[in-house]
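K.L.:
Based on the provided sequences and hints, a complete structural model is requested.
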Amino acid sequence: MPDISVRGFAGSINSLNPFWLASAPPTNTGEMIIRAFDAGWGGAVWKTIGEPITNVSSRYSATDWNGQRIMGFNNIELISDRSIEVNLREMAEVKKRYPQNAVIASLMVASNRETWHDIVARAEDAGADGLELNFGCPHGMSERGMGSAVGQVPEYAQMITEWVKEKARTPVLVKLTPNISDIRTVARAAKRGGANGLSAINTINSITGIDLDTLVPRPNVDGKSSHGGYCGPAVKPIALNMVQQIMSDAEAALPLSGIGGIGSWRDAAEFILLGCGTVQVCTAVMHYGYRIVEDMAEGLDNWMRAKGYATIEDFRGLSLPRVTEWKHLNLNYKIVARIDEQKCIGCDLCHIACWDGAHQCIHLDRVTGPVDGHVELHPIPVAKETESRLSITETPVTRKEREAAFAQGPYPTPLARIPRVDETECVGCNLCSCVCPVDGCITMVPVDTGLPLETWEERTRGPAFTAQPRS
Amino acid sequence: MSTATLPDNPQLRERFRELKPPLTAQAAVIEADRCLNCYDAPCMGSCPTHIDVPGFIKRIASGNLRGSALRILDANILGSSCARVCPVDVLCEGACVLHRQNRKPIQIALLQRHSMDAFHASGERLPIAPPASRKLRVACIGGGPASLACAAELCREGAEATIFERRPLPGGLNTYGVAEYKLRATDSLREVEMIRQLGVDFCFGESIESATALESLESEFDYIFLGLGLGAMQRLGVPGEDAKGVMNALELISAYKTGHIREMRGTIVVVGAGNTAIDAANAARRLGAETVYLLYRRGEHDMSAFDFEYEHAKQEGVQFFWRRQPVAIRTSEHGRLLLDTVQVQQVDHKLLPIPDSEFTIDCDVVVPAIGQSPLELAIQELCGIAVRDGRIIADLATGQTGNPRYYAGGDCVNGGREVVDAVAGGKRAALAMLKTAEVAHA
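Sequence lines, in order, name chains A and B.
Residues 287 to 757 (the numbering used here) make up the first sequence, in order.
Residues 2 to 443 (the numbering used here) make up the second sequence, in order.
Worth double-checking, as some hints may not be accurate.
[Said to hold, decoys possible] Once the Cα atoms are required to be at most 25 Å apart in a straight line, the calculated DSS-like pairs of lysine-lysine come out as:
id : chain 1 : residue 1 : chain 2 : residue 2
1  : A       : 686       : B       : 351
2  : A       : 686       : B       : 315
3  : B       : 436       : A       : 670
[To be verified] In silico negatives: residues of chain A with every beta carbon more than 10 Å from chain B:
id : residue
4  : 339
5  : 480
6  : 578
7  : 706
Think of the hints as simulated: they come from the structure by calculation, not from any bench.
Beta carbons are placed, not taken as given, at the ideal position from N, Cα and C, and that holds for glycine.
P.N.:
Now the structure itself:
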């Protein structure tokens, strides 16, 4: 049976599983974290502790998409609004009752050495297993010289990390902001400053939308709004990219706690495959509650069992070598789309997507006879729609008419509606397989070009591409 | 002046509550989001009026309800009643590709109703071309869906149209003949009112049957559109058919919809197994009849009613006699009806009575529902229009008859289909008249 526990993360942090709650509303109080640990969370990063702030009302807004709530989530909430004493007293209590769970103190204080030394000592005295330096909060705190104001300047990040390391006995993680042109610059600075690990990514600067009645962006605070931090499923691809950037960079790579749109074991596995040792979750818990961790733990366990991985370390980082620069990709690899006639339901979204969004090589000509070749040879999509609008259709009222109207041919879908791929024109872009609503209906099949592997770098290495000095 | 309306009838509303209640605004958006937005969508293709179904559905999803309604009305001016009465199982919803994925089809009818209800509630008017901006005047004979669609299309394009209807209320079967739990007569009249606001003129109580009447129309109008519908309900052809208590299905339906029948008691026998027979049988149940039989001379797999109508009748508590047909109707000394019936079997292509299978049903009302008869065809002699099997012969694409000044559409051409077919026919004829007139004036 696979072991999903984490041992010695960033040096000495242990937890029952790689699933931590990120520093955020779900870790606001000891009472909440106790319930989270009871639900099965392996660790929790305490809601950032510092001099208490005053929050506004309202604080959150979401981007819904196609009927689904919270595709993306945005907040303008600040760090803890509770005193340092209360937070640390509760932390000591939690740690005493849950010795096997990781409790990480997220910290943010004013940028001077003594203040940092003081808060580090107090957090560790409370029993924190590690410290997470919040250099990422993108709103409110940054205006006060904290949060992303530090995380956007490598020199500051390094300096404060060094101050913390002077005092800290537990592992120090630096939480990185994505609101910077290259996240690696700050990751490297943190590493130079002696950080034991990193957390990435924090939220992305955002305005989620505007109320079209009042013209006020969301969230509305008495008629005004302010940019917030974006998170939730929408940001996962951005986070994965940044995780990969960090973990592929020798000067930046450190034990990494992955954050950004994680809501399921699948998401978690992907972050771990790119090198993360633990993952942190917030939005999904804010949406569904702590209980989601049950499926995350079970699902990861089942997947590891199926793949034959005994521990997290067995698969951590396995996908990193699979990410490379574009110039190293094989230009002679070719795939084409194949449509499974038995599975096609005839929505013809692949046809219109290919015509309007790709390379005009998916045609509806199975009945009229295939025509291969360039776009000029085919009727354009709007011609077919016009023809349909001009056709005469009657309600099938008799049984005979109804049977004829719903008669089936060799496939579940009438042949005229099953698209055909012109494989000579198909560039293998994947678009059709992305839009197809039926699993496994469109597959991208490799075709042998008979050509050896050749990358752009190799192709342009020849003398024809050598830069010539201007005469 | 607005078109005539019916007095409020709370009892009718209560007894004939809508079969399918409307979607809430959020449910409509959730349903709209399920739509795949197919290219050249099969739902659109299967609709006789070719409503841009994904187009109006995606406008619901985006919150563009006005645009959604206009999209529907652009293709089908009776979008509101079609959303309620169309047999969508064999039309748009039947064609939905989701069936092939073993998923529930998009609830197109309810979504269409959602947009149309919002449009009616908004009190908005349809955009039209300036009235009488085209020199084209058309008389539409009959006030049902075909004529309404034809006249509306003409007025939207700036032509003039007058509808001649012999009954006191417009709308034809939409007002008088559709089960109230599907389409309320008041909703039909609301829709007609919208069409009247486009500039369509209505003349009620006008029966255009004589040569003189037609001649006078010909002198006043450029074209005449025939939206005559079908003839009267067919008679059973058995002795005693004229007894008190015998009332055909359309008489029953129009009487309860207009408030002339408010209650039924005892045992009712409906003869026939088409969609109208089912409507009449269900109505009898809802009006209070304890026992309702539906008598059909063939088996349940032969009935012409749609499957969902048959299922609905079973749920309403209608009972069925298969392969039994009426022989005579007698009146008992207590004033009750005695319907003599006999079991039949099919031999070759004939239905023959089975000896000693007679029995008599003691009942209160007998409702013949064996279809409408072909048109009474005075018109063909009057204006030289070809008629075959009771149907006016007209070009399918244009509705033009053998007499180039006469166009026709709806049941009188197709022999009796759905409202949506009548709308399509009326619209095609209007477009053809507009085109012909344009060429003539060019």
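K.L.:
All hints are to be evaluated individually against the structure, with a verdict given for each.
P.N.:
Cross-check of the supplied hints:
no. : hint           : result
1   : 686/A to 351/B : 20 Å, holds
2   : 686/A to 315/B : 23 Å, holds
3   : 436/B to 670/A : 23 Å, holds
4   : 339            : 36 Å, holds
5   : 480            : 51 Å, holds
6   : 578            : 23 Å, holds
7   : 706            : 14 Å, holds
Comparing the model with each numbered hint stated earlier shows that all of them hold.
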